[in-house]
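K.L.:
The whole structure should be built from the sequences, with the hints applied where relevant.
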Amino acid sequence: MDEILGLTQMTRVEVVVNGEDMPAATELFSKVGARGFTAVSNVSGLGHSGHHQGRLLFNERSALTLLTVVLPAERAGALLGGLRDLLANRSGVMLVSDTWVSRPEYFR
Amino acid sequence: MTSTYGELCLAGAVLAPLTGAAVSAAARRAPGRRCRAATGFAWLSALSALVAAASVALHGPFVVAVDGAYGRPVLGLWANQLTVTLTVLVCAVGAVVQSFALRYLQGDRTAPRFSAAASVVVAAMAVVCTSATVTVLVGAWVVAGAAFVVVLGCRPDLPGVRAATRRALSMLAAGDLALLAALVLVWVRAGNVDLVSPGVLRDAAGQLGGLTTLVALLVVVAALTRSAQGPFGRWLPGTVSAPTPASALLHAGVVNGGGILLVRLGVLTGGSTLAMVGAFVVAGLTTTAAAALVTHKPDVKGTLVFSTMSQMGFMVAECTVGAYLAAILHLIGHGLYKATLFFGSGSQVPRDGQAPAAPATAALPLVRAAATVATTAATVGAMTAIPGMLAHRGAAVLLVFAAATAASASWSWSGRHPASVRWAASWAAALLVAGALYGLVLGGLGRWIAPAIPGAGAGMLSPWWLAAVAAAGIAVAGSTRLPSARRRLTAMLVDAGAPPVELVTGGARGAHRGARAPGSAVELAASWKERAA
Amino acid sequence: MNSDKPVAARVRLLVQVEEAARVVAPLWPLSTFIAVNPLWDLRHMPFDDALAYADNVLRVRGYPSPALFAKAYASGRITAADLWAALDGNSYDGRSTYDDSGGDPGPVAPRAQTAAERHDCLVGTRIAATVDREVAKWCGAYLAGILPDDAARGFYAAWREVVVYDPAVRSLLGRVGRKHVAELGEDPEDAMLTCLELLGVAEEERVRELARHLARMPGWAGHAKWRSRWAVPDRPGPALHLVDYLAVRLCYETALVRAAVSGCGPKWRGPRWDPSSRGSEGANRCLEDVGTRPARFAAVGMADEVGTRLSRLAASETARVWLSAYEGHYRDWLLATLARPAVAPPARPAAQAVFCIDVRSEGLRRHLEGNGPYETFGFAGFFALPIRYRSFGSAETVDLCPVLIRPSSELTERPVAESIGAAGRQLAGRQAFAAAQNAFSSAKKGALSPFVLAEAGGFLAGPIAFAKTLAPTRYQTVRRWIHRTVAPPATMAVDADPAAGAMSDEEQALFAETALTTMGLTHRFAPVVLLCGHGSTTENNPYASSLDCGACGGNRGGASARAAAAILNRRTTRHLLGERGISIPDETLFVAGEHDTATDTVTVLDTHLVPSSHLDRVVALQSALNRAGTGLAAERAPSLPGTGSKGRLTRPSGRAADWAQVRPEWGLARNAAFIVAPRTVTAGTDLACRCFLHSYDADVDPDGVALETILTAPMVVAHWINAQYYFSTVDPDVLSAGDKTAHNIVAGIGVVQGAGGDLRVGLPLQSLFDGESEYHEPMRLLTVVQAPRRLLEIVIARNPVLRELFDGQWVHLATREDDRDCWKIRRPDGTWTRWTPSEARSEEMTARG
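Protein chains in written order, with our numbering: chain S, 65 to 172; chain P, 52 to 584; chain Z, 2 to 850.
Be aware that a few hints might be false.
[Unchecked claim] The calculated label-pair distances, taken between Cβ atoms and stated as ranges, are:
no., chain 1, residue 1, chain 2, residue 2, range
1, Z, A501, S, Y170, 56 to 64 Å
2, Z, E773, S, G114, 44 to 52 Å
3, P, A420, Z, F434, 18 to 26 Å
4, Z, T478, P, D208, 33 to 41 Å
5, P, L491, Z, I483, 19 to 27 Å
6, S, N153, Z, T478, 53 to 61 Å
7, P, G529, S, R148, 54 to 62 Å
8, S, W164, Z, R176, 53 to 61 Å
9, Z, A501, P, R160, 15 to 23 Å
10, P, A413, Z, R475, 35 to 43 Å
11, S, W164, Z, G579, 45 to 53 Å
12, Z, L616, P, A108, 55 to 63 Å
13, Z, P489, S, N153, 53 to 61 Å
Treat the hints as calculated values from the structure; they're not laboratory data. All residues carry an ideal CB built from backbone N, CA and C; glycine is no exception.
P.N.:
Printed below as a string of structure tokens:
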């Protein structure tokens with residue numbers, strides 16, 4: 065597929081964390097060399113620990129944020145190890161998938 | 052007002068704090084009332100000292116003493132322009148410290164002890180300032196040191212106080228021993244020397260003969276210890292562990308004892324070149340080193356402590372070059388300055404969002420330099436214009452330092468002042484007025500005290516040696532800017548200023564509890580050894 | 002950046018640091034002091050478990066001392082009935098029964114120790130204290146900007162550059178060792194990994210080891226945690242990050258321990274440890290005292306049955322029971338007091354006033370309502386406006402919102418049209434003052450300039466010191482006069498016009514709607530509505546920010562009030578609010594005010610914006626506020642120590658201007674409860690300034706959004722304040738700032754006690770203790786909510802932070818549906834139980850037999 069569409073395969077990691085854990089998670093991203101990430105705040109949902117309200121007007125630290133980062137597969141291993149440890153004692157989920165990007169130089 | 056009132060007031064200035072100390076220490080209950088009583092007595096003593104000064108101004112010097120053989124005083128107090136001015140300073144500072152401590156130490160169980168000990172310090176320092184004989188001076192000196200150690204040790208529960216008190220006690224005691232040894236030597240050769248008539252002191256100095264140098268060195272060591280100079284001054288940085296009023300009393304009333312001693316016994320010490328050179332070297336080096344340390348301390352009280360060491364070094368250096376009047380005026384000004392800074396040391400937290408934005412247009416360096424030079428010249432000119440300003444020894448060198456202060460302040464001002472000619476002019480005017488006022492104060496006080504100052508001794512250095520201190524200061528400041536020496540100097544200075552381990556608190560509570568079983572300890576250490584090998 | 006450690010190992014280390022950092026709480030700089038729960042990041046554990054962990058790692062005592070409880074029992078603050086109620090099988094904390102066997106609860110887990118502490122314990126060295134001293138020395142120097150080279154590269158890099166020249170390290174390790182200290186790793190994570198390897202710390206023990214490293218100096222660690230996790234990342238100035246801090250600590254520890262073990266370190270005092278000797282003296286000494294338990298005790302003069310029950314309890318349970326009884330007594334009083342019928346607000350109030358939820362406002366509201374037909378509301382002091390505020394001509398902005406959010410927009414203060422020239426003159430005057438201060442500081446630090454400066458300055462400073470000590474209020478008047486002459490005041494207003502760069506109209510309307518709906522002020526507006534922020538004017542007080550408004554991020558609340566009033570007075574905002582169902586009549590005017598809690602004076606701000614039609618109403622309001630303030634000051638005065646003696650300097654008005662006053666006001670001491678209910682529930686009741694009052698009307702909040710907003714933000718702020726006061730009172734050695742008289746400000750951001758060492762966390766003793774006895778009553782916050790229970794349960798269920806706080810018993814919760822309902826207490830498992838006073842319950846229990 066890559067050759068036909070001119071896309072490069074990379075790994076996409078999406079992680080939902082509390083607002084207060086966002087600085088730690090983004091520090092991990094920069095440590096493995098990810099060039100950037102996307103953050104969507106005030107997400108709500110239902111997890112095994114119960115419901116999570118999305119938008120709290122005056123408390124960003126207790127509301128959930130969805131972070132998306134794309135990086136080459138060889139670097140994803142280290143990040144996944146770290147995120148797994150991080151989420152071991154915190155509420156949050158991590159979703160890993162393959163993705164194809166058209167401008168790989170943005171993500172290397 | 053006849054001089055009887057003066058005598059009564061002088062005696063009262065010394066007895067009032069002692070009464071206050073007795074009241075504070077003796078009673079058992081109502082700590083608030085005891086402290087208030089002691090404060091009242093402290094203000095009474097300040098007022099009495101003021102009245103005694105007025106009496107000296109109107110009727111001339113007088114003595115309140117018990118006379119011995121030949122009509123010479125054995126023990127008592129002597130009021131002349133110099134001694135009574137110093138007494139007013141000491142009693143006033145003591146009174147303000149007591150008033151401050153009345154509210155500041157509210158709720159502290161040891162506040163009456165602080166009050167009592169501080170009163171004794173004030174009384175003893177007042178006697179040091181006005182004593183009529185050498186014996187009384189030395190005795191009061193020792194009492195002042197001992198009482199101050201009690202002031203320091205009032206709160207042993209605060210971190211670092213015990214260690215600091217021990218160190219202060221041992222070093223001050225060593226200095227006092229030197230002074231006592233000097234006293235013994237003087238007694239042996241010249242008996243109980245009285246300080247009232249200058250001729251008696253000169254004769255005594257002559258009678259010392261071969262022991263002149265030794266006595267001078269011992270007195271210099273005692274003065275350097277009390278004023279925290281060089282290796283004798285390592286007790287001062289630890290004193291910030293004590294509550295703020297103790298520090299204020301120390302820096303305004305106790306450390307300047309060194310200068311007072313050197314001035315009052317100037318005739319004894321001035322004859323020995325060796326002592327004067329030694330004192331100058333130690334004090335000069337301390338001045339420079341402590342001034343460099345001031346810029347390498349992160350905490351407010353630490354900078355104040357090293358600033359005091361530097362200022363006291365300057366004062367001792369002025370004494371060694373014979374600029375006694377300059378030293379006395381410096382002592383008075385610095386005492387008030389430091390006390391105010393210590394009292395206000397809690398206001399150094401800048402609140403957000405209040406500082407105004409810097410002015411839009413910054414002046415060109417050339418313009419700034421020109422403005423600085425102009426303002427400095429104007430200020431110095433205003434100072435010299437005051438009659439009598441240049442009369443005393445060492446005044447010309449002081450003008451150099453005054454010019455440096457004006458230049459530094461003006462350079463900094465011109466970089467940030469609001470961009471209008473009106474403000475530049477008002478700064479220049481303000482500095483001019485400040486310079487003139489300073490000159491007036493110096494000239495006026497100088498003229499008032501000058502008759503009582505001893506003349507320069509034979510072993511004194513020329514006042515231009517003070518310029519060497521200035522040069523050393525500039526050299527050190529310059530070398531901290533050289534990139535190669537910068538890191539080395541920074542590391543040295545940061546470490547020199549940092550307190551030793553005993554004075555530092557960490558999360559050490561319970562640090563030794565809960566160790567592992569002995570068996571595993573052996574394994575643990577063995578595994579360390581393996582990895583280290 | 003090249004490094005020889007695999008990325009995976011470094012990433013794992015970062016997560017371990019994150020876990021280890023749970024044990025310290027962030028420490029804000031003194032310029033914006035925020036009261037924080039010291040165990041906030043341990044809230045995923047229940048209260049008791051978190052205390053046990055903190056005891057193990059931080060070495061803090063979590064429960065009040067037996068002496069406090071004994072005194073409370075003797076004075077009747079705790080009664081036998083309270084103790085019975087706390088011991089009861091159906092008690093409110095859901096425990097089925099306390100462990101009555103009195104048997105040995107088993108071995109206490111060995112406390113966490115760093116490698117240096119283990120070594121010190123065994124051998125008698127002082128490595129741990131030396132590491133602390135060195136690290137504290139460099140932290141202070143770095144943050145004060147003393148270390149050369151720009152701050153951009155971080156603490157670890159700056160330290161590495163200078164430590165090779167450090168004489169202290171040379172005397173500890175020798176010239177060769179000094180170089181090795183800086184060669185453990187070029188970047189901090191590498192250095193940490195190398196050090197942990199060399200010290201022989203296994204991977205699974207790393208978190209404990211690092212946690213104990215941070216716990217040894219909770220002040221510097223707290224500052225590093227604030228900077229890494231809470232501060233804005235691009236904040237200017239030297240940045241002390243957590244990883245850098247730990248790297249420096251570990252480098253020192255590794256070097257010193259290895260040197261000591263291999264014998265080439267300095268000569269420590271104490272017996273040299275011989276690996277072949279077993280059971281050395283040091284080890285025995287260390288083993289004697291493995292952890293502490295709260296003492297088991299029964300107070301003197303206790304009724305027999307209660308005493309017997311208590312003495313049969315396991316020691317760790319005793320403290321819990323006593324604390325429960327202590328809290329239960331106050332809860333019983335409060336719920337009984339609030340269980341009276343509602344008091345209707347005045348039918349046609351002359352004015353309505355909205356105050357901050359701060360406990361000190363409770364007194365003012367009570368006095369104001371007693372002074373005339375005034376209706377008061379409570380709302381968090383930032384008035385729902387999370388803004389970055391720039392006062393006229395300022396270099397920086399302040400964030401006027403709770404620290405849980407970041408401000409979304411910026412508002413500026415501008416002069417009104419007629420006042421632009423005056424504003425320019427004022428700015429020039431302020432710049433002149435700043436330049437003069439700058440000139441003074443640079444003269445102080447010069448090479449030659451300090452000498453004549455000290456002399457000349459002294460003759461000016463002497464009279465100033467006299468004036469400030471003997472006549473502080475007069476000195477303050479003179480100083481303010483001088484300031485007004487050099488920088489004359491100009492009329493300013495907060496610019497809320499979107500065209501000038503402020504928030505958009507929609508945003509403004511949203512925040513206005515939130516504020517009004519959350520408070521329940523959506524209809525029946527009075528002609529004048531006062532929005533009153535608060536601040537505190539004190540002199541020579543490093544903790545001045547701790548007395549200001551916590552909801553405004555540790556700043557004064559006047560600017561928030563002015564911004565909110567400006568927004569609510571705009572025609573566009575009112576139009577948009579009308580579309581959303583809140584119609585504010587045209588004749589209603591919003592005015593801003595500020596309550597100075599030190600002097601208890603309330604000032605109406607921006608009076609130039611009041612049209613002539615409302616002028617006499619505002620004047621009447623101002624005089625009512627003056628009377629209320631005087632009443633409150635008179636009520637507060639007896640509690641302030643020293644006010645009994647004659648003298649102006651000990652009265653509340655004199656204390657604020659006095660630079661020698663260590664206790665200008667009590668602040669939020671004795672805070673106990675957070676009440677979310679309409680004012681009708683609490684009006685007329687004297688709550689002794691102990692309750693946070695937030696207005697809430699369930700009738701206008703069908704979805705529970707307002708309730709959720711209140712519980713997830715203002716209640717969290719109140720919990721932080723309450724927990725800070727609790728822990729600072731319960732363990733003053735570690736978790737309080739100590740005695741104010743020995744404070745020494747470091748780098749402008751924190752205080753140390755005496756000469757140096759760790760930064761202090763928490764509140765100073767003078768804010769908590771009156772001499773030797775506690776003034777603040779250490780209790781956990783009791784949240785009282787009047788709302789439909791169904792709604793409350795939904796809100797709790799969908800917010801993990803509330804579940805953690807309520808289930809973990811960090812905060813107690815009591816609720817009722819309306820004023821005819823009975824109070825119900827929430828158990829940790831989520832069920833509700835009906836509240837009965839402890840006397841009634843103890844009778845019930847004795848009747849049951």
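K.L.:
Decide, hint by hint, whether the structure agrees.
P.N.:
A quick look at each hint next to the structure:
1. At roughly 37 Å, the beta carbons of A501 (chain Z) and Y170 (chain S) sit outside the given window of 56 to 64 Å.
2. The hinted window of 44 to 52 Å between E773 (chain Z) and G114 (chain S) holds, with their beta carbons roughly 46 Å apart.
3. Distance hint for A420 (chain P) and F434 (chain Z): a CB-CB separation of about 24 Å, consistent with the stated range 18 to 26 Å.
4. The supplied range of 33 to 41 Å is met by T478 (chain Z) and D208 (chain P), whose beta-carbon atoms lie about 39 Å from each other.
5. At roughly 22 Å, the beta carbons of L491 (chain P) and I483 (chain Z) sit within the given window of 19 to 27 Å.
6. N153 (chain S) and T478 (chain Z) have their C-beta atoms about 57 Å apart, which keeps the hinted 53 to 61 Å range intact.
7. At roughly 56 Å, the beta-carbon separation of G529 (chain P) and R148 (chain S) lies within the given 54 to 62 Å, and the hint holds.
8. Checking the proposed 53 to 61 Å range against W164 (chain S) and R176 (chain Z) shows it holds: the Cβ atoms sit about 58 Å from each other.
9. A hinted range of 15 to 23 Å is violated for the C-beta pair A501 (chain Z) and R160 (chain P), which are about 58 Å apart.
10. For A413 (chain P) paired with R475 (chain Z), a C-beta distance near 39 Å keeps the hint of 35 to 43 Å intact.
11. As the Cβ distance of W164 (chain S) to G579 (chain Z) is approximately 51 Å, the hint placing it in 45 to 53 Å holds.
12. Between L616 (chain Z) and A108 (chain P) the C-beta distance comes to about 60 Å, which sits within the given range of 55 to 63 Å.
13. In this structure the hint that P489 (chain Z) and N153 (chain S) lie 53 to 61 Å apart at CB holds, the actual value being about 58 Å.
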